[in-house]
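A.B. asks: Read off the chains here:
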Amino acid sequence: MSSSKMYSIWFFVGVMLTILGLIIVSMGVYYIFSPETHTRLASLNPSLWWGAIMLTAGLLFLIPSWIEHRKG
Amino acid sequence: MSVIQLSWVDWSIIALYFVFIIGIGFYLKRFTGTGEDYFLAGRKNSSWVAGLAFLSANLGALEILGWTGGTMKYGMFVSHWYWIGAIPAMLFLGLYMMPFYYSSKIHSVPGYLKLRFDERSRLLNAFSFAIMTLLMSGINLYLMALVLRTILGWDWHLSMWISALAVGCYIMLGGLMSAIFTEIVQFFLIWFGLFLVAILGVVEMGGINQVLTGLPDAMSKLWSTTGSAANNAMGVTWAYIVFGLGWVLSFGYWTTDFLVVQRAFSSKDLRSARMTPIIASFFKMALPFIIVIAGLVAYKLTQMAGADFKLLAHPVTGEPWNDTALPLLIARYYPQGLVGLGITALLAGFMAGQAGNVSAFNTVWTYDIYRVLINKNASDAHLVWMGRITTLVGILLSVATAYLAMQFNTIMDYIQAIFSWVNAPLFATMLLGMFWKRTSPTGAFWGLILGMVTSFTIFLGFKMDFLSTGMVNLITFSNAPVSEISDMSRNLSQAAWAWSVCAIATVLISLFTKPKPEAELVGLVKGFTTIEHEGKIAWYSKPEYIAVIAVVVFVILNIYFW
Chain X
1 MSSSKMYSIW
11 FFVGVMLTIL
21 GLIIVSMGVY
31 YIFSPETHTR
41 LASLNPSLWW
51 GAIMLTAGLL
61 FLIPSWIEHR
71 KG
Chain A
1 MSVIQLSWVD
11 WSIIALYFVF
21 IIGIGFYLKR
31 FTGTGEDYFL
41 AGRKNSSWVA
51 GLAFLSANLG
61 ALEILGWTGG
71 TMKYGMFVSH
81 WYWIGAIPAM
91 LFLGLYMMPF
101 YYSSKIHSVP
111 GYLKLRFDER
121 SRLLNAFSFA
131 IMTLLMSGIN
141 LYLMALVLRT
151 ILGWDWHLSM
161 WISALAVGCY
171 IMLGGLMSAI
181 FTEIVQFFLI
191 WFGLFLVAIL
201 GVVEMGGINQ
211 VLTGLPDAMS
221 KLWSTTGSAA
231 NNAMGVTWAY
241 IVFGLGWVLS
251 FGYWTTDFLV
261 VQRAFSSKDL
271 RSARMTPIIA
281 SFFKMALPFI
291 IVIAGLVAYK
301 LTQMAGADFK
311 LLAHPVTGEP
321 WNDTALPLLI
331 ARYYPQGLVG
341 LGITALLAGF
351 MAGQAGNVSA
361 FNTVWTYDIY
371 RVLINKNASD
381 AHLVWMGRIT
391 TLVGILLSVA
401 TAYLAMQFNT
411 IMDYIQAIFS
421 WVNAPLFATM
431 LLGMFWKRTS
441 PTGAFWGLIL
451 GMVTSFTIFL
461 GFKMDFLSTG
471 MVNLITFSNA
481 PVSEISDMSR
491 NLSQAAWAWS
501 VCAIATVLIS
511 LFTKPKPEAE
521 LVGLVKGFTT
531 IEHEGKIAWY
541 SKPEYIAVIA
551 VVVFVILNIY
561 FW
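In the order they appear, the protein sequences are chains X and A.
All residue numbers for the first sequence refer to our numbering, where the first residue is 1 and numbers rise by one.
All residue numbers for the second sequence refer to our numbering, where the first residue is 1 and numbers rise by one.
None of these hints come from the bench; they were simulated from the model.
Check each hint, because a few of them may be wrong.
Claimed, not checked - Computed list of lysine-lysine pairs in DSS-like fashion (alpha-carbon distance at most 25 Å, straight line):
id : chain 1 : residue 1 : chain 2 : residue 2
1  : A       : K221      : A       : K105
2  : A       : K105      : A       : K463
3  : A       : K44       : A       : K437
4  : X       : K5        : A       : K29
5  : A       : K514      : A       : K44
6  : A       : K105      : A       : K310
7  : A       : K437      : A       : K310
8  : A       : K73       : A       : K310
9  : A       : K300      : A       : K105
10 : A       : K44       : X       : K71
11 : A       : K268      : X       : K5
12 : X       : K71       : A       : K268
13 : A       : K44       : A       : K29
14 : A       : K268      : A       : K516
15 : A       : K526      : A       : K268
16 : A       : K437      : A       : K526
17 : X       : K71       : A       : K29
18 : A       : K516      : X       : K5
Claimed, not checked - Label pairs and their calculated CB-CB ranges:
id : chain 1 : residue 1 : chain 2 : residue 2 : range
19 : A       : A519      : X       : L59       : 32 to 42 Å
20 : A       : I14       : X       : A42       : 15 to 25 Å
21 : A       : K463      : X       : I32       : 55 to 65 Å
22 : A       : S104      : X       : A42       : 24 to 34 Å
These numbers come from a predicted model, not from an experiment.
The beta carbon of each residue, even a glycine, is placed where N, CA and C say it ideally should be.
Take these sequences, add in the hints, and give me the full structure.
C.D. replies: Given below as structure tokens:
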């Protein structure tokens with residue numbers, strides 16, 4: 001068994017939400033310049049604001065758990 | 001032709017998820033050296049980690065798809081499964097039953113039966129639970145492949161094998177810890193991946209009031225239509241909801257099913273273990289805000305002229321398939337990228353459900369069957385090795401069951417009914433075992449057998465139509481013609497009878513047989529278990545206070561939607 005300290009689950013949640021949030025928000029930015037028309041409510045550009053919410057939530061999990069891990 | 005077309009961005013998100021969860025498995029392998037690490041995640045989880053995993057183990061994608069579709073048929077009534085069908089049992093588990101489970105330092109629910117009663121009850125429950133878990137896992141796998149093929153056009157075999165092997169891989173590597181980590185990731189993916197469907201649905205409808213108003217009474221009320229079975233779409237009365245669902249089925253599942261209870265066993269201390277289901281109860285109460293709202297939006301869309309919303313046909317029956325409502329809403333509202341997120345959320349739900357089944361199966365097999373019957377002196381390292389092998393075997397057996405279900409569709413009815421054969425009577429045994437010191441090992445064993453036989457016989461009676469009208473009316477407490485008694489009503493009465501027969505038989509047999517000596521009941525039965533004083537802790541860390549808040553929220557929700 002490893003003697004190193006394990007990253008907490010919140011770190012992994014943070015990594016996942018941050019990466020996915022970045023992808024989704026990037027798609028939202030892309031849709032500003034090249035509007036998507038196939039879906040209902042496309043004018044609201046849900047990718048942009050929902051991706052931003054995910055990204056924010058991801059960073060809120062990621063940063064504190066990373067700092068805590070560094071402190072040991 | 002599939003309903004949802006995936007772009008490269010969507011595929012990238014799905015691929016990323018697979019890489020991520022298998023990566024978690026590899027990362028956690030180095031931290032799972034002992035049996036305690038592998039089967040109980042080291043018993044070091046906080047109440048939040050254990051609580052979210054506790055909820056997620058129950059939050060399969062099939063449940064989400066099924067109840068979203070169910071809402072189109074039953075309306076707000078579906079909320080009963082999330083509120084009265086869960087919350088009282090979860091709080092009872094946390095407040096009253098967890099001290100006996102956790103204090104005895106057992107690895108599994110059958111392990112408790114061994115300590116409280118004897119080896120017979122343990123083995124009976126271990127075998128029935130192991131079989132039930134594997135079969136359920138196989139059925140879930142089959143249904144997952146069916147959904148993925150219908151909405152995405154994916155190949156049966158490929159989607160079953162890839163998801164099964166991914167789950168097998170990360171559970172073999174990290175055991176329960178892997179399962180818990182991925183369940184929590186899944187929890188967030190489901191909320192972020194699917195809640196937006198409900199939000200956008202409400203926006204398209206013009207607000208939440210537009211979603212809730214204009215529904216038939218049978219769909220828009222929780223309790224006021226339960227005076228008569230004819231007044232609601234589910235065809236049940238309040239008595240079924242309270243006693244069948246709220247008491248027998250709900251308590252049978254939430255307080256004794258090792259699949260969920262195992263997550264609480266992984267907590268770092270008793271207080272965290274008690275808080276586990278209490279924290280989970282708040283998120284359980286919130287789930288209708290995804291599921292029921294999305295289902296009501298789908299219902300409204302099907303009623304609106306020009307909405308361009310039509311359910312897909314079931315590939316087996318050809319009938320409109322309510323389970324496709326949520327994927328159709330995803331296709332309606334989500335552009336590229338978000339579609340990948342929504343599908344990943346569903347995949348995560350499928351796989352986490354399977355991981356829950358497999359991790360519970362490997363623990364019960366290793367500790368309650370293999371170590372008891374095959375290798376009594378197995379070392380800790382050997383048990384971990386056996387757990388990993390069992391995971392692989394469990395996955396293969398699940399896939400075999402899935403293929404069986406694909407070939408013989410009707411066996412699904414039997415497999416899905418197993419729950420009330422196993423868990424409904426077990427709840428009676430547990431309740432008596434924990435709260436009545438006179439319950440004897442012989443009473444518990446035979447009570448359990450009789451309860452299971454009762455449930456199975458009633459099930460077969462309905463299935464094969466050999467019950468007279470009088471018998472059916474007696475069993476379902478109804479005067480309605482047999483053809484008008486709903487499946488839901490039959491299921492609930494089957495569970496209620498199984499529980500009652502088990503409870504009565506256990507009490508009667510216990511009165512005439514030898515109970516366990518009181519010295520052997522310490523830590524297992526009320527009156528013989530001392531809960532250590534935790535010193536001064538803040539009110540918000542006390543399970544009792546948080547449970548009161550949960551009860552208040554529960555009551556408000558029920559009154560508001562009365």
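A.B. asks: Next, verify each hint and record whether it holds.
C.D. replies: Okay, the hints, checked on the actual structure:
Annotation: proposed proximity of K221(A) to K105(A) is violated, straight-line Cα distance about 44 Å (limit 25 Å). With a C-alpha separation of about 41 Å, the suggested pair K105(A) and K463(A) falls outside the 25 Å cut-off, and the hint is violated. With a CA separation close to 31 Å, the supplied pair K44(A) and K437(A) exceeds the 25 Å bound. For the given pair, K5(X) sits about 13 Å from K29(A) by alpha-carbon distance, which is consistent with the 25 Å threshold.
At most 25 Å may separate the alpha-carbon atoms for a hinted pair to count; K514(A) and K44(A) exceed this at roughly 38 Å. This hinted pair does not check out: K105(A) and K310(A) have alpha carbons roughly 52 Å apart, beyond 25 Å. The suggested pairing of K437(A) with K310(A) is violated, with an alpha-carbon distance near 57 Å, which exceeds 25 Å. In summary, the hint linking K73(A) to K310(A) is supported, as the alpha carbons are separated by about 15 Å, within the 25 Å threshold.
A hinted pair counts as satisfied when its Cα atoms are at most 25 Å apart, and K300(A) with K105(A) does not qualify at roughly 51 Å. For the suggested pair K44(A) and K71(X), the alpha carbons sit about 19 Å apart, so the restraint of at most 25 Å is met. Taken as a hint, the K268(A) and K5(X) pair is honoured in the structure, with Cα atoms around 17 Å apart against an allowance of 25 Å. Straight-line distance between C-alpha atoms of K71(X) and K268(A) comes to about 22 Å, which keeps the hinted pair within the 25 Å bound.
With a CA separation close to 16 Å, the supplied pair K44(A) and K29(A) stays within the 25 Å bound. Proximity of K268(A) to K516(A) is assessed by CA-CA distance (about 30 Å); at most 25 Å being required, the pair is judged violated. Straight-line distance between C-alpha atoms of K526(A) and K268(A) comes to about 22 Å, which keeps the hinted pair within the 25 Å bound. Among the hinted pairs, K437(A) with K526(A) is consistent with the structure: their alpha-carbon atoms are about 8 Å apart, no more than 25 Å.
About 23 Å separates the Cα atoms of K71(X) and K29(A), which keeps this hinted pair within 25 Å; it holds. Simply put, K516(A) and K5(X) have alpha-carbon atoms about 45 Å apart, too far for the 25 Å limit, and the pair is violated. A hinted range of 32 to 42 Å for the beta carbons of A519(A) and L59(X) is inconsistent with their spacing of about 56 Å. Remark: the range hint 15 to 25 Å for I14(A) to A42(X) is upheld by a beta-carbon distance near 22 Å.
Checking the proposed 55 to 65 Å range against K463(A) and I32(X) shows it holds: the Cβ atoms sit about 58 Å from each other. The given range of 24 to 34 Å is broken by S104(A) and A42(X), whose C-beta atoms sit roughly 57 Å from each other.
Violated hints for the displayed structure, listed by number in ascending order: 1, 2, 3, 5, 6, 7, 9, 14, 18, 19 and 22.
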